[in-house]
Amino acid sequence: DVVLTQTPPTLSATIGQSVSISCRSSQSLLHSNGNTYLNWLLQRPGQPPQLLIYLVSRLESGVPNRFSGSGSGTDFTLKISGVEAEDLGVYYCVQSTHAPFTFGSGTKLEIK
Amino acid sequence: EVQLVESGGGLVQPGRSLKLSCVASGFTFSNYGMNWIRQAPGKGLEWVAYISSGSSYIYYAETVKGRFTISRDNAKNTLYLQMTSLRSEDTALYYCARHRFDYWGQGVMVTVSS
Numbered sequence: 001d002v003v004l005t006q007t008p009p010t011l012s013a014t015i016g017q018s019v020s021i022s023c024r025s026s027q028s029l030l031h032s033n034g035n036t037y038l039n040w041l042l043q044r045p046g047q048p049p050q051l052l053i054y055l056v057s058r059l060e061s062g063v064p065n066r067f068s069g070s071g072s073g074t075d076f077t078l079k080i081s082g083v084e085a086e087d088l089g090v091y092y093c094v095q096s097t098h099a100p101f102t103f104g105s106g107t108k109l110e111i112k
Numbered sequence: 001e002v003q004l005v006e007s008g009g010g011l012v013q014p015g016r017s018l019k020l021s022c023v024a025s026g027f028t029f030s031n032y033g034m035n036w037i038r039q040a041p042g043k044g045l046e047w048v049a050y051i052s053s054g055s056s057y058i059y060y061a062e063t064v065k066g067r068f069t070i071s072r073d074n075a076k077n078t079l080y081l082q083m084t085s086l087r088s089e090d091t092a093l094y095y096c097a098r099h100r101f102d103y104w105g106q107g108v109m110v111t112v113s114s
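Order-wise, the sequence lines are chains A and Y. Just so you know, the working numbering puts the end of the first sequence at 112, numbered straight through with nothing missing. Just so you know, the working numbering puts the end of the second sequence at 114, numbered straight through with nothing missing.
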């Protein structure tokens, strides 16, 4: 199974600060069809997860453009350019290139 | 508006069975693959199962393979998860989500305890 390793496990940021979260895969997430099925989700307290980024770098409709995704192969990054208070919660990467699909262990973002 | 509404959860004894449902609306259900994901109390997300739009492709997590069965009824816009031989470690909030993880239900709680 593909293991997604997210770092750091927790992140503390001030409003306006830029932060990055890493997601490393135990194997390449490049599908034979040329797509890389790596998404980023945010789970706010008490809520179901919300899709932020899909296919590594595509911003989901309605998501603020302070969120961006990058990477390829086995190394991926979510960047928040200018954290806002509403960004607190747990961020997860998830891959659906290889079955069984897998989630990263999550990164908790706290606002200082 | 896309909506996914789970039901069927509850308290069940170890070794017993339970069937979850997820009713979809606001999109053409038969065009989309669907996932079940679970979250144990205070823990992270765990992917459980996937079914393609026409049920041709079905995948399971190793932790549930052989015990859980995912299915769908496109005429009823409903996704199912039949859970058998339940264990305490299956206790979790169960979510259904569209294949791209773009839409999620609110989740349904399953508690396995004697």
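To be clear, the hints were calculated from the coordinates, so they are not data collected in a lab. Values in this document were obtained by computation on a predicted structure and should not be read as measured data. The reader is advised that the hints may include incorrect statements.
[As the list claims (entries may be wrong)] Below, computed lysine-lysine pairings styled on BS3-like, alpha-carbon distance capped at 25 Å:
1. K108(A) <-> K79(A)
2. K79(A) <-> K112(A)
3. K65(Y) <-> K108(A)
4. K19(Y) <-> K65(Y)
5. K43(Y) <-> K19(Y)
6. K43(Y) <-> K76(Y)
7. K43(Y) <-> K79(A)
8. K112(A) <-> K19(Y)
[What the hints assert, rightly or not] For each label pair, taking beta carbons as the anchor points, the in silico distance ranges come out as:
9. F27(Y) <-> P64(A): 17 to 25 Å
10. F27(Y) <-> V63(A): 13 to 21 Å
11. V63(A) <-> G54(Y): 28 to 36 Å
12. T5(A) <-> G8(Y): 29 to 37 Å
13. M109(Y) <-> S32(A): 20 to 28 Å
[Claimed, not checked] If we take Cβ atoms under 10 Å as the criterion, some of the chain A residues that face chain Y in the derived model are:
14. V3
15. L51
16. F67
17. E86
18. V94
19. A99
We put the CB at the ideal spot given by N, CA and C, even for glycine.
Against the structure, test the hints numbered earlier, and report the numbers of the ones violated in rising order. Result: hints 3, 6, 8, 13, 14, 16, 17 break, sorted rising.
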